[in-house]
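Mapped onto UniProt numbering, the consecutive letters of the sequence shown carry residue numbers 1 to 318.
None of these hints come from the bench; they were simulated from the model.
Some clues are possibly wrong.
FRET-style restraints, in silico, Cβ to Cβ [unchecked claim]:
#1 G252 with Q32: 32 to 38 Å
#2 S191 with I231: 19 to 25 Å
#3 K317 with F43: 53 to 59 Å
#4 W112 with L54: 32 to 38 Å
#5 Q103 with P179: 36 to 42 Å
#6 E140 with I241: 22 to 28 Å
#7 L54 with E244: 43 to 49 Å
Below are the BS3-like pairs computed for lysine-lysine, each with C-alpha atoms no more than 27 Å apart in a straight line [to be verified]:
#8 K159 with K234
#9 K249 with K218
#10 K234 with K162
#11 K120 with K304
#12 K218 with K159
#13 K317 with K249
#14 K170 with K234
#15 K218 with K162
#16 K219 with K159
#17 K159 with K170
#18 K249 with K120
#19 K106 with K120
#20 K162 with K152
#21 K170 with K219
#22 K120 with K311
#23 K120 with K317
#24 K170 with K218
#25 K219 with K162
#26 K170 with K152
#27 K317 with K304
#28 K249 with K304
#29 K311 with K249
#30 K152 with K234
All C-beta atoms, glycine included, are put in the ideal place defined by N, C-alpha and C.
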Amino acid sequence: MATLANHPDFQPRASRPPLHYNSRANKISRSQRMLLDALPFTFLLGLGALLQYLWSFSISYIPLVLRSGRWVHLGPLSALFRVGAFTLPLILLVGPWIKPTLQSYKILRNPWMDASISEKVYPKIPGGEVNEEGILESPEFALLLIGARCNKPFGPFDKNFKQIGDDFAKMWVDLEADPNSGLLNANSYISTDRPLNNQLMTIGYFRSTADVHAFAHKKFHRDVWTNYFAIPEKDREGLEIWHELYTIKAGGSEGIYINSTAHGLGGFFTQVGADGDSEGQGDEKTEGVKGEAGEWISTLRSAKGRFSSSKGRMGMKV
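Build the full structure now, drawing on both the sequences and the hints.
Structure below.
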């Protein structure tokens, strides 16, 4: 793990880093989690048992060849195939543990640890300033929770639910691509409230409630609504969509991250010199990574002094 000052992911950069939500790895992970959430554990056990049976069954016939009109075993090769019937499941069971074992002994690098920040840090909301008295003055921002769930028997395998998922994903891609959307960060989650078909949720952080309302009237959001209500009513039953919107008043939030990766409030980046923000231009009170005008820097700061307490991070007197 690296400190905030020398972490490669939080050095000044010419362009804003892409959101993890829209990364290829996140899309693959999200698809895998949805698939596992839709399949009962007993189904996975049964599938494994069936595949093992088919493998063993086929092995018993592979060593036979047709010679002179009759089937003949291939001798030692027959035993080799039978060993394979045991070896393949063993590889599938043991294989996934090889890499983490090597990582635990530091033979291989652990990318999750590489992405973590080794010190205690807190998020500074873009536009926030530390005044002359050393008190943090954080601006207002907005929090959007938006989600979907399929309550039909086959859950995410429903074709209409897939359409909703694709529309939601495109909506966030378009939001990120729009420099005036006010989107600060977004993270996706899957709940564990039920054994199967759980709720998918994305938390979006915006500069203001006005930005969220403006987004609601943009084409890519209207398209989601249009496509949803284009589904016949009888097919729309069980396709749950929802959102919640919160206005976080000035000074009404704080966070702390210890040995953590950057997410949520901690995943914000701001452009040096943008909107009158002098952050990163020699202001020692920020105690953060310094950048040149036009560069993008992380808003994470070392949680020292008054910022080591919740009150201090919320601009209250300690």
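Checked hints:
1. For G252 paired with Q32, a C-beta distance near 36 Å keeps the hint of 32 to 38 Å intact.
2. Checked against the hint of 19 to 25 Å, the C-beta distance between S191 and I231 comes to roughly 23 Å, which is consistent with it.
3. Take K317 and F43: their Cβ atoms lie about 58 Å apart, and the range 53 to 59 Å holds.
4. At roughly 36 Å, the beta-carbon separation of W112 and L54 lies within the given 32 to 38 Å, and the hint holds.
5. Remark: the range hint 36 to 42 Å for Q103 to P179 is upheld by a beta-carbon distance near 38 Å.
6. Look at E140 against I241: about 27 Å separates their beta carbons, and that is inside 22 to 28 Å.
7. Roughly 48 Å separates the CB atoms of L54 and E244, a value that falls within the hinted 43 to 49 Å.
8. Restraint check for K159 and K234: satisfied, since their Cα atoms lie roughly 14 Å apart, inside the 27 Å limit.
9. For the given pair, K249 sits about 25 Å from K218 by alpha-carbon distance, which is consistent with the 27 Å threshold.
10. Distance hint between K234 and K162 is fulfilled; the C-alpha atoms sit about 17 Å from each other, no more than 27 Å.
11. As the CA atoms of K120 and K304 are separated by approximately 8 Å, the hinted pair is consistent with the 27 Å bound.
12. Distance hint between K218 and K159 is fulfilled; the C-alpha atoms sit about 25 Å from each other, no more than 27 Å.
13. Between K317 and K249, the direct Cα distance comes to roughly 18 Å. Compliance with the 27 Å bound is thereby established for this hinted pair.
14. With a C-alpha separation of about 25 Å, the suggested pairing of K170 with K234 holds against the 27 Å cut-off.
15. A C-alpha spacing of about 22 Å is found between K218 and K162, which places the hinted pair at or below 27 Å, so the restraint holds.
16. About 23 Å separates the Cα atoms of K219 and K159, which keeps this hinted pair within 27 Å; it holds.
17. Taken as a hint, the K159 and K170 pair is honoured in the structure, with Cα atoms around 17 Å apart against an allowance of 27 Å.
18. Between K249 and K120 the alpha-carbon distance is near 25 Å, which keeps this suggested pair within the 27 Å criterion.
19. Taken as a hint, the K106 and K120 pair is honoured in the structure, with Cα atoms around 24 Å apart against an allowance of 27 Å.
20. Restraint check for K162 and K152: the C-alpha separation of about 13 Å stays at or below 27 Å, so the hint holds.
21. Of the supplied pair hints, the one linking K170 and K219 holds, its CA atoms being roughly 11 Å apart against a limit of 27 Å.
22. In summary, the hint linking K120 to K311 is supported, as the alpha carbons are separated by about 16 Å, within the 27 Å threshold.
23. About 21 Å separates the Cα atoms of K120 and K317, which keeps this hinted pair within 27 Å; it holds.
24. Between the alpha carbons of K170 and K218 the distance comes to roughly 13 Å, so the proposed pair stays at or under 27 Å and holds.
25. Our distance criterion of 27 Å between C-alpha atoms is met by K219 and K162, whose separation comes to about 20 Å.
26. A hinted pair counts as satisfied when its Cα atoms are at most 27 Å apart, and K170 with K152 qualifies at roughly 23 Å.
27. A C-alpha spacing of about 15 Å is found between K317 and K304, which places the hinted pair at or below 27 Å, so the restraint holds.
28. Of the supplied pair hints, the one linking K249 and K304 holds, its CA atoms being roughly 24 Å apart against a limit of 27 Å.
29. A C-alpha spacing of about 15 Å is found between K311 and K249, which places the hinted pair at or below 27 Å, so the restraint holds.
30. Between the alpha carbons of K152 and K234 the distance comes to roughly 12 Å, so the proposed pair stays at or under 27 Å and holds.
The structure meets every hint from the earlier list without exception.
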